[in-house]
Amino acid sequence: MTLNEQVKKYAELKKQQDAIKEEMDSLKTSIVEEMGDATSFEADNGVVAKLVAKETFKYKDEIGMINYLKEHGMSSFVVEKIDTKSMNKELKKGMSLTESLSPMFTKETTVSLTVE
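Be aware that the sequence shown starts at 4, since it is given in the numbering used here, and climbs by one per residue.
Just to be clear, a hint being listed does not mean it is correct.
Here are the simulated lysine-lysine pairs, BS3-like style, with alpha carbons at most 30 angstroms apart [to be verified]:
#1 Lys-95 with Lys-73
#2 Lys-31 with Lys-61
#3 Lys-88 with Lys-61
#4 Lys-18 with Lys-31
#5 Lys-53 with Lys-17
#6 Lys-57 with Lys-84
#7 Lys-63 with Lys-92
#8 Lys-24 with Lys-11
#9 Lys-17 with Lys-57
#10 Lys-57 with Lys-73
#11 Lys-73 with Lys-96
#12 Lys-73 with Lys-31
#13 Lys-84 with Lys-110
#14 Lys-17 with Lys-31
#15 Lys-12 with Lys-57
#16 Lys-18 with Lys-53
#17 Lys-61 with Lys-110
#18 Lys-110 with Lys-96
#19 Lys-53 with Lys-88
#20 Lys-53 with Lys-84
#21 Lys-61 with Lys-95
#22 Lys-73 with Lys-24
#23 Lys-110 with Lys-88
#24 Lys-73 with Lys-61
#25 Lys-24 with Lys-61
#26 Lys-31 with Lys-12
#27 Lys-61 with Lys-84
#28 Lys-84 with Lys-95
#29 Lys-84 with Lys-63
#30 Lys-95 with Lys-63
By construction, these hints were calculated from the structure, which means they are not laboratory data.
Here the structure is a predicted model, which means the values were calculated and not measured.
Turn these sequences into a full structure, and let the hints steer you where they fit.
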């Protein structure tokens, strides 16, 4: 298969995948609504649907929270860490400390393909 044929096939499969995802999202919404308070449902073919609630937290005022925790004797919830966003930016630019720091980090490169 030529590169041209591969790219065209990839784009075709991506469109199919997007359509399937859209249909699955619609079904998921409907299933969740119909299950109500139930946490699982077994279809007549033995397929089991389970609802799993996952909570995530985003901190709007992290500095305020840190100060509050420290003031109230809860410093165990506070850790010092590297600002990875700015550090990664500098490492990508080839910052002068890269050689000295290299034993302390790993670099992983992933390649993604976008076809429109």
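Results for each hint:
Under the criterion of a C-alpha separation no larger than 30 angstroms, the hint pairing Lys-95 with Lys-73 is inconsistent with the structure, at around 35 angstroms. Note on Lys-31 and Lys-61: the hinted pairing holds, with a Cα-Cα distance of about 25 angstroms set against a maximum of 30 angstroms. Between Lys-88 and Lys-61, the direct Cα distance comes to roughly 17 angstroms. Compliance with the 30 angstroms bound is thereby established for this hinted pair. Annotation: proposed proximity of Lys-18 to Lys-31 holds, straight-line Cα distance about 20 angstroms (limit 30 angstroms).
Of the pairs offered as hints, the one joining Lys-53 and Lys-17 holds, with about 28 angstroms between alpha carbons and a cut-off of 30 angstroms not exceeded. Straight-line distance between C-alpha atoms of Lys-57 and Lys-84 comes to about 25 angstroms, which keeps the hinted pair within the 30 angstroms bound. Between the alpha carbons of Lys-63 and Lys-92 the distance comes to roughly 23 angstroms, so the proposed pair stays at or under 30 angstroms and holds. Proximity of Lys-24 to Lys-11 is assessed by CA-CA distance (about 20 angstroms); at most 30 angstroms being required, the pair is judged to hold.
For the hint linking Lys-17 to Lys-57, the alpha-carbon distance of about 29 angstroms falls within 30 angstroms, and the restraint holds. For the proposed pair Lys-57 and Lys-73, the alpha carbon gap of about 28 angstroms is at most 30 angstroms, so the pair holds. Distance check on the hinted pair: Lys-73 and Lys-96 sit about 36 angstroms apart at the alpha-carbon level, beyond 30 angstroms; violated. Restraint check for Lys-73 and Lys-31: not satisfied, since their Cα atoms lie roughly 43 angstroms apart, outside the 30 angstroms limit.
Annotation: proposed proximity of Lys-84 to Lys-110 holds, straight-line Cα distance about 18 angstroms (limit 30 angstroms). With a C-alpha separation of about 20 angstroms, the suggested pair Lys-17 and Lys-31 falls inside the 30 angstroms cut-off, and the hint holds. Restraint check: the Cα-Cα separation between Lys-12 and Lys-57 comes to about 36 angstroms, which exceeds 30 angstroms; the hinted pair is violated. Taking the CA atoms of Lys-18 and Lys-53, the gap is about 28 angstroms. The hint holds against a cut of 30 angstroms.
Taken as a hint, the Lys-61 and Lys-110 pair is honoured in the structure, with Cα atoms around 27 angstroms apart against an allowance of 30 angstroms. Restraint check for Lys-110 and Lys-96: the C-alpha separation of about 13 angstroms stays at or below 30 angstroms, so the hint holds. With a CA separation close to 36 angstroms, the supplied pair Lys-53 and Lys-88 exceeds the 30 angstroms bound. Proximity of Lys-53 to Lys-84 is assessed by CA-CA distance (about 37 angstroms); at most 30 angstroms being required, the pair is judged violated.
For a cut-off of 30 angstroms, the pair hint linking Lys-61 to Lys-95 stands: about 27 angstroms separates their Cα positions. At most 30 angstroms may separate the alpha-carbon atoms for a hinted pair to count; Lys-73 and Lys-24 exceed this at roughly 45 angstroms. Simply put, Lys-110 and Lys-88 have alpha-carbon atoms about 14 angstroms apart, close enough for the 30 angstroms limit, and the pair holds. This hinted pair checks out: Lys-73 and Lys-61 have alpha carbons roughly 19 angstroms apart, not beyond 30 angstroms.
Annotation: proposed proximity of Lys-24 to Lys-61 holds, straight-line Cα distance about 27 angstroms (limit 30 angstroms). For a cut-off of 30 angstroms, the pair hint linking Lys-31 to Lys-12 stands: about 28 angstroms separates their Cα positions. This hinted pair checks out: Lys-61 and Lys-84 have alpha carbons roughly 17 angstroms apart, not beyond 30 angstroms. Between the alpha carbons of Lys-84 and Lys-95 the distance comes to roughly 19 angstroms, so the proposed pair stays at or under 30 angstroms and holds.
Note on Lys-84 and Lys-63: the hinted pairing holds, with a Cα-Cα distance of about 18 angstroms set against a maximum of 30 angstroms. A C-alpha spacing of about 28 angstroms is found between Lys-95 and Lys-63, which places the hinted pair at or below 30 angstroms, so the restraint holds.
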